[in-house]
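A.B. asks: For this one, chain A is given, so just place chains B and C on it according to the hints.
Protein chains in written order, with our numbering: chain A, 1 to 262; chain B, 1 to 262; chain C, 1 to 262.
Since the hints were made in silico from the structure, they are not lab data.
Relax, there's no trap hidden among the hints.
Pairs involving identical chains hold if they fit within one copy or between any two copies, as the list cannot separate such chains.
SDA-like mimics (lysine to any residue), calculated; alpha carbons at most 25 Å apart, straight line: (1) Lys214 <-> Leu151; (2) Lys212 <-> Gly150; (3) Lys212 <-> Leu151; (4) Lys218 <-> Gly189; (5) Lys203 <-> His188; (6) Lys29 <-> Ile6.
This one's a predicted model, so the numbers in the text were calculated from it and none came from an experiment.
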Amino acid sequence: MAKELISKHAVIGRNVQIGDFVRIHDNVKIGDNSVIGDFCVIGHPAGGDFAGRPLDIGANAVIRSHTVVYEGSTFGENLRVGHSSLIREGVKAGLNLQIGSFNDLEGDVEIGNWVRFHSNVHIGRGAIIGDLVWIFPYVVLTNDPIPPSGLKYGVTLGEGSVVCTSAVVLPGTTIGRGAFVAAMARPHGNVPAGALVVGNQGKIAGTIRKLKHKETGKQHPWMSHFSDYYPPEAQMKIEELHKLVLLDVELLETLLAGENRE
Amino acid sequence: MAKELISKHAVIGRNVQIGDFVRIHDNVKIGDNSVIGDFCVIGHPAGGDFAGRPLDIGANAVIRSHTVVYEGSTFGENLRVGHSSLIREGVKAGLNLQIGSFNDLEGDVEIGNWVRFHSNVHIGRGAIIGDLVWIFPYVVLTNDPIPPSGLKYGVTLGEGSVVCTSAVVLPGTTIGRGAFVAAMARPHGNVPAGALVVGNQGKIAGTIRKLKHKETGKQHPWMSHFSDYYPPEAQMKIEELHKLVLLDVELLETLLAGENRE
Amino acid sequence: MAKELISKHAVIGRNVQIGDFVRIHDNVKIGDNSVIGDFCVIGHPAGGDFAGRPLDIGANAVIRSHTVVYEGSTFGENLRVGHSSLIREGVKAGLNLQIGSFNDLEGDVEIGNWVRFHSNVHIGRGAIIGDLVWIFPYVVLTNDPIPPSGLKYGVTLGEGSVVCTSAVVLPGTTIGRGAFVAAMARPHGNVPAGALVVGNQGKIAGTIRKLKHKETGKQHPWMSHFSDYYPPEAQMKIEELHKLVLLDVELLETLLAGENRE
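Next comes chain A alone, as it looks inside the complex (with noise of 0.2 Å):
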């Protein structure tokens, strides 16, 4: 009850709009142009390795009311984050990070750049998440392959590969460029790139090609209509790595018709 509110040592930007009832920590930086909402705190103080590291937020960053922030994480411009949702300490995350409310970021994690993560995604730590991924609510990134053991097998996603809602991803698990984890799945191992994952045994099921709308004709890789919800500077990414991923699916079926023919 002491101490200020707003701590002097932090590194307020230009027109940085901060609701009420907002505790900001020593070591933090807000870049310009940004807003928190009522309630939060922001730059929660970490134990171990990252004790007393900065919190570095960049520009035009939204936080949404009641949420914690740790220090000891790094974010790109233009992050959005929900309500009530907790970002713990070594988090690196790129430009234009999306998280929704009721988030759980445990820190220790990698993120690219236009990274969206809708309502209660769990990430746990050691995770890498590449560009353009989507995670879906209730998908848990776990680490411990056999729990409790203290190892941590962190999660990598490849660049724009989805996993959907309730999804789990086992310790280790590297699901490749483009693939996609159907809702409730549990994928392990190595996902090939363009691959379909489904169910509880995390089969490969196919190709992201079996995705087709029937009404719409929408179909997947994603990135062939879904490019106009991003900001120009994304779209060079978007339009390689489309191709990138039609590649990948080319040379999956490939793959995958020859081992039906054994």
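C.D. replies: Using the frame of chain A, we list chains B and C on its own:
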């Protein structure tokens, strides 16, 4: 930090108790005899079509601490909301809605009377939820048929249907009146009235007549043994619904028996 | 808005640090050297039988920001609670309980010593949780055998058992000592001590002897390699439990082998 915490433009009824550190925005109307817990944000600004639209909360509401309700929604009398829930813009809800803690209503949803959500329910945009529906923890009503696509195919839950823990209702699913979705089921398509849905494939495993409790003899439809938890004005509706669901079950049993004969 | 934030009737120990914007109600007792984060509500009024009953939190507790603890519960020393958790009335917990963030303890639950809940654990009413149990994210301990029914068949978790991510434990289930519930499993009935449970059907897939990590050789029972994370006073209990679980596994292997021969 400039604006008053409780807007002068908000219309607060008689005998309303408001906790400490509560933000009430403009455009908010709260009915008589309501209770708002500490650290709530009521009437949070919405974007898009709902910006500046009123939030109308009926009389006798109880909203627990740390909850955020956006502008642009309407709730009938006797609303109950737990702690740390998020309710976004565009909700049209009837009487006696009960929402637990950690719920995430994404907005743009129609909800009937005497509906109950347990903790941690996620309601995607576009859902239509009938009277007397029950939803249990970690259920997700999805809406994107080919994520990420920007398409929105909301879920419809018929009157008196029940969706159990950790079920994921796939986009565009219609759950018939009085149907029962088992824990961890993943329903899709058109689920007939009175059906029992189970498993990752969302299989129709028969009718709700299978749901009988050995020790007590209690069985489905649940309206046969649970109406005492509802207010008197719901009783007639419950009796009527009970009869309709019994007919639904009768019809579905005949249909399923026919399929089995073929 | 009238009452003082920290009740004069609360009994606060020596060297207790209380954050800003913290509400502490009457009937609360907090042990020495505890820490309460910003925006917490401690001793929230309960309804029914627990109204006005004391909340007793042992010494050296740490409760993180935005957490709500109801009156009518008892916690032993060294309690740890993460951010934005909800703990309702009627919890009786032993020493060194660790509760992560976004947990939802619905109340009316008994918890042993050295128990650990990760983030987003949901504990339904009526649960009984033994010493040294581990529960991982998005696990639900349910209690209603025919929802909605008003019946309450709580779950029992034996000493040293482990329930992994997104498992749903069905009402009235008893998990034996040292058993292991895999991610996304749905156990029911009586799970024998030392058993491994998998899948949507909650199948007994053998004993925990199957759980061996190839690279490191670490294996179950976990007490064989994980005791260093516990305080010294837990060591003797852990050693004793380890021996008992090894005997359980021996017995179960014999039983399962006999079933396979028949």
